[in-house]
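Participant: Now for the letters of each chain:
There are 2 protein chains.
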Amino acid sequence: MAGIFQRSLRLRTALRHLSPQSPLSWTVTGRHTPLDLHCPFLPSTSWQFAVCSRKLHTGADRPSPASAPDRLPFSRITQEDLAFFRKILPGRAVTDPDLLESSNVDWLKSVKGSSELLLRPQTTEEVSQILKYCNSRNLAVNPQGGNTGLVGGSVPVYDEIILSTALMNNILTFDSISGILTCQAGCVLENLSLYLEDRDYIMPLDLGAKGSCHIGGNVATNAGGLRLLRYGSLRGTVLGLEVVLADGRVLDCLATLRKDNTGYDLKQLFIGSEGTLGVITSVSILCPRKPKSVNVVFLGCETFEQLLKTFQLSRGMLGEILSAFEFLDSECMRLLNTHLKLRNPISDCPFYIVIETSGSDSTHDGEKLHNFLEEAMTSSLVTDGTVATEDSKIKALWSMRERVTEALTHDGFTYKYDISLPVERIYQLVTDMREHLGNRAKSVVGYGHVGDGNLHLNVTSPAKDPALLAAIEPFVYEWTASCNGSISAEHGLGLKKRNYIYYSKPSQAVALMGNIKAMLDPKGILNPYKTLPDDLK
Amino acid sequence: MAGIFQRSLRLRTALRHLSPQSPLSWTVTGRHTPLDLHCPFLPSTSWQFAVCSRKLHTGADRPSPASAPDRLPFSRITQEDLAFFRKILPGRAVTDPDLLESSNVDWLKSVKGSSELLLRPQTTEEVSQILKYCNSRNLAVNPQGGNTGLVGGSVPVYDEIILSTALMNNILTFDSISGILTCQAGCVLENLSLYLEDRDYIMPLDLGAKGSCHIGGNVATNAGGLRLLRYGSLRGTVLGLEVVLADGRVLDCLATLRKDNTGYDLKQLFIGSEGTLGVITSVSILCPRKPKSVNVVFLGCETFEQLLKTFQLSRGMLGEILSAFEFLDSECMRLLNTHLKLRNPISDCPFYIVIETSGSDSTHDGEKLHNFLEEAMTSSLVTDGTVATEDSKIKALWSMRERVTEALTHDGFTYKYDISLPVERIYQLVTDMREHLGNRAKSVVGYGHVGDGNLHLNVTSPAKDPALLAAIEPFVYEWTASCNGSISAEHGLGLKKRNYIYYSKPSQAVALMGNIKAMLDPKGILNPYKTLPDDLK
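Residue numbers (our numbering), protein chains in the order written: chain A, 2 to 538; chain B, 2 to 538.
Extracted from the complex, chain A is given alone in its bound form:
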């Protein structure tokens, strides 16, 4: 008992800071991302491709679901094609291999294409001309935003033409009454955030990749991020899209209306379609007001059951001000300590929670948080914790969650899984995986958005290990499917996971997806080899 009180002394001390008499200072720190994008030097992941006519990546010999299919019979670029593109995009049709390099390789440096042409349109009309031409010539096209994806969806597999939205970066309109923003698809998320914050608004989503990712790519991948718990998914916040279809037709559904029930909601087809049904050129999105008060809390729990009860308690007592609820396990903490020398801000616990609140009154929010923490401690749901009271501490607390990915890179070769499960089952997968792998793995860690049921399960080994991979897969996917979970909560399917779709979707549904693809892109030129499984092609 004394131990508990000693451990909770820090928390009790922190609680005193939460009384209405001493409101917390607040800073919104950089956010973690479910896409784990803090490791520019992450070694190659497990995704290897079979050797084919164009060598993509040295790797495993055995065929695997992640292997790229043979190159489809698209046309190859001719001088005539180049002349056309140079004419419509003067100075913006890039063929220099050195300049093309970064666009041919994904952020994880795990997948490499062989595109020989990068196009950089500035307008919807130019995108329309490009696709109309490519469709008529049967040239494959790889739409590319910030190239921050983790499933190989944003880079070519072979010689697809890269269509970059990098120069389509204008904000079009902003309505300060309704909070509705319209912008071109190539706007970088962070730039949009800065624009809005000057006007007392924020974007409804936030990712660690915000300094690079484009809003068009976010929408195309239905990116989630930290704020989903509070502001919901892009399927609810995106109000309109302008999309160029495979044949160059421009589909103008760029409405700025909160409510519109005139016919089928076509934009929903393109949200999350990963660039395979059309190229998003403009986005209309509903933005929330900037919160006046933000607090961050770091807590420790003895068991995952207590963690879940803490979550329920937070939903009841923090309610409308709760804006993030993240977790990491003790293995994550060990890696943070070992590889990054980050000190645990509280005592060692099996589980850690990061809670963020966002509200319009710092006194009220401080009071709610105080009451919540008091209850959590009194009920022994939480055994230790600390509350951020000033900027540097807030940043430090968030970094315990945000830098897990970085720590993993120092632990060895990492196999990464982004899984959706019923909330109460999230950690069981980690436990079962540990038991299943035994000594074969170096580390098995779990962390993620517990509030959304989204687990990041990572397994490390000293080096790439095909035997280990064979033990992990399909075990992880079968386990996920047995709970009716999703084998890709946020990352999408891209190239790497396309053939695993059947673990999470019935054949009937996948067949219907194929019908939709055939309807919108009969020649299949848009982002081929991605998202849909090979047996549909």
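In short, the hints are calculated from the structure, not lab data.
Same chains, same names: a pair is fine if it fits in one copy or spans any two.
Distance condition first, Cα-Cα at most 20 Å in a straight line; then the derived SDA-like pairs of lysine to any residue:
id, residue 1, residue 2
1, Lys293, Glu375
2, Lys293, His371
3, Lys293, Gln313
4, Lys293, Arg231
5, Lys133, Ser76
6, Lys88, Arg77
7, Lys291, Leu230
8, Lys293, Thr364
9, Lys291, Arg231
Assemble the complex: chain A is given as a structure, and chain B must be docked to it using the hints.
Facilitator: Structure of chain B alone, referenced to chain A:
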């Protein structure tokens, strides 16, 4: 100045009730509905149908966009068909004309079909058998939930078989950690609300029709309702659907996952498709926690500009606890006074606002509301107001907004429009319509969900008046289109508005909708004559 202070005396008095020392009592009153469903005896609306082989409704002779097209060459029911249905649905294949009557007529009693068969399946399998058979026999089917729609979308036009979800009313699962509910499509919204409230949750939507409407119908029409401002649309809160397609195939996308990016989000096709792409049989939906504290405020503004500024102020100062922001004009108040003898709770003002807050701490919420009202008054944005401090007063305040529709029915024949506009333009349409109609109309009133940009524009006359209708339309639709508004914010298109779709959607988009319809329902048996314009058929 003295006048202002006198008028504001009531508000100042009310403000004292909002100090933290005297928390407000709270009751969640019955809610208004954007579907205006408080008038079971509403006289026929303006929607008249041309006389055809089956007389639907006596009315105008001139063809209008609302006229029903000629009956399509579907099969007619034979004795053999009846024998089949009686076999698979013993006792639940209704042919008695008296029993069929209410299912053939819409809630407004404005549209009447001539169906001779009402089917009442209990399971998805039965729905599948029905559609498989109907598809093979080329028999048209009218899916029907609670039959509370206002655009003639829920009743047959001719002799379509009515497929009712009334007996598919089981709750399947509820996860009290995640708040995810799954249920059959025929569950009545109010029953779901009662079930959830016992478990400290609420439905993410609420409508005046909740005592009758089915969740399947809500989803099929992408119903909005009062809580949209706070909890967002069904496109964000519905997590999964089970749908039976036109040919009887069962599409199982009944996921209960907050995040799932495995392929295209097929359920979005069916949300808002008004029963024309498939029959929804089960729904999975994310439910919010029940708020511990609810307050209602009734305010008066001199101008619509001040009303909009009040809205902005409320968003900044009430922020996360704001759950409804409704308006009505002085004409609405006049009708409430005249026809229903409802007394204005404050002084006469050109505009009135109803604000509701929902939060997890009544003291905090009371304080926020106090500060907001103080600021609104000091800035002269608001000239008068009152705050509900006990149940009966809260109900009385809400009724000033909820009973506008009822008051209109006593004013004469009502032409009803449900329009989405940029928020700052909402009332201009009302003003312009008044000027445009001059003496031709008896009353022209405006009210609605100003926060969502959703206007309910109603025009009355002593009796049905084709000349008045000709003055209203297409003026109202052209005005709406000129602002890139929506000619149907929530009600959907159904039968009545299907041909107006081009005012809000470009041809390209409508053509694509036609492609989707052809892909999913090649024979067009599902809810024919609805949603899509006649020139696509």
